[in-house]
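*Asks:* One-letter residues, chain by chain:
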Amino acid sequence: DAKTTQPPSMDCAEGRAANLPCNHSTISGNEYVYWYRQIHSQGPQYIIHGLKNNETNEMASLIITEDRKSSTLILPHATLRDTAVYYCIVSYQYGNKLVFGAGTILRVKS
Amino acid sequence: EPEVTQTPSHQVTQMGQEVILRCVPISNHLYFYWYRQILGQKVEFLVSFYNNEISEKSEIFDDQFSVERPDGSNFTLKIRSTKLEDSAMYFCASSSGTYYGYTFGSGTRLTVV
Numbered sequence: 221d222a223k224t225t226q227p228p229s230m231d232c233a234e235g236r237a238a239n240l241p242c243n244h245s246t247i248s249g250n251e252y253v254y255w256y257r258q259i260h261s262q263g264p265q266y267i268i269h270g271l272k273n274n275e276t277n278e279m280a281s282l283i284i285t286e287d288r289k290s291s292t293l294i295l296p297h298a299t300l301r302d303t304a305v306y307y308c309i310v311s312y313q314y315g316n317k318l319v320f321g322a323g324t325i326l327r328v329k330s
Numbered sequence: 867e868p869e870v871t872q873t874p875s876h877q878v879t880q881m882g883q884e885v886i887l888r889c890v891p892i893s894n895h896l897y898f899y900w901y902r903q904i905l906g907q908k909v910e911f912l913v914s915f916y917n918n919e920i921s922e923k924s925e926i927f928d929d930q931f932s933v934e935r936p937d938g939s940n941f942t943l944k945i946r947s948t949k950l951e952d953s954a955m956y957f958c959a960s961s962s963g964t965y966y967g968y969t970f971g972s973g974t975r976l977t978v979v
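The listed protein sequences derive, respectively, from chains H and C.
The first sequence begins at 221 in the working numbering and counts up by one.
The second sequence begins at 867 in the working numbering and counts up by one.
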């Protein structure tokens with residue numbers, strides 16, 4: 221079973237920041253938090269991952285709480301193309317399998 | 867940007883027939899995976915492959931399934947005798963095992979009739 225809890229769906233206005241929460245209260249010390257998204261029935265797309273520090277790349281920012289029990293993915297300026305299912309996954313690095321939950325359906329609306 | 871390529875994009879097969887799904891992972895990646903997604907359901911892990919052998923497999927990956935990396939570039943999933951419940955999207959993925967996460971292919975939609 222997935223070790224994360226996410227809201228089933230969220231709406232966001234185009235151009236606004238989308239903040240997607242994730243709870244992972246049973247995360248172990250050397251597990252990473254990964255975020256992926258899936259648009260329609262395409263293959264999941266890697267977005268970002270982190271261990272305990274906040275991370276930023278060209279797609280998104282990842283904020284991890286100090287106790288590492290929850291995190292937030294931030295899409296700073298959501299567009300219609302960001303409408304997708306977003307998955308928060310905890311996993312060890314270096315080749316470990318990913319266990320997908322149901323994710324959060326993000327609908328970006330104009 | 868490097869891609870994981872899967873062929874065919876859609877395959878229809880008769881129940882009981884063998885199918886081979888093909889994948890070309892990113893060339894310098896070391897870890898290879900197959901996942902599947904039944905319509906409307908979660909993405910499920912099937913198998914991981916590293917150093918020319920299976921490193922982990924799920925309970926879904928029974929004796930009807932096998933994987934192979936026949937020539938150092940292709941990575942295949944074979945289903946020996948397909949069942950109706952094997953109908954799903956099958957995703958191949960590869961990983962370098964370092965900083966970046968997996969790269970998934972665009973999938974093969976398998977329809978068993």
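A portion of the hints provided could be inaccurate.
Derived DSS-like pairs: lysine-lysine, alpha-carbon spacing no greater than 25 angstroms straight-line [as the list claims (entries may be wrong)]: (1) Lys923/C x Lys223/H; (2) Lys329/H x Lys223/H; (3) Lys289/H x Lys908/C; (4) Lys272/H x Lys289/H; (5) Lys223/H x Lys908/C; (6) Lys923/C x Lys949/C; (7) Lys908/C x Lys949/C.
Please keep in mind that the hints were generated in silico from the structure rather than gathered at the bench.
*Asks:* A separate judgement is required for each hint: does it hold in the structure or not?
*Replies:* Taking the hints in turn, this is what the structure says about them:
At most 25 angstroms may separate the alpha-carbon atoms for a hinted pair to count; lysine 923/C and lysine 223/H meet this at roughly 19 angstroms. The straight-line distance between the Cα atoms of lysine 329/H and lysine 223/H is roughly 30 angstroms, outside the 25 angstroms bound, and the hint therefore fails. Distance hint between lysine 289/H and lysine 908/C is fulfilled; the C-alpha atoms sit about 23 angstroms from each other, no more than 25 angstroms. At most 25 angstroms may separate the alpha-carbon atoms for a hinted pair to count; lysine 272/H and lysine 289/H meet this at roughly 10 angstroms.
Distance check on the hinted pair: lysine 223/H and lysine 908/C sit about 14 angstroms apart at the alpha-carbon level, within 25 angstroms; holds. Restraint check: the Cα-Cα separation between lysine 923/C and lysine 949/C comes to about 19 angstroms, which is no more than 25 angstroms; the hinted pair holds. This hinted pair checks out: lysine 908/C and lysine 949/C have alpha carbons roughly 19 angstroms apart, not beyond 25 angstroms.
The structure does not agree with numbered hint 2 stated previously, though it agrees with all others.
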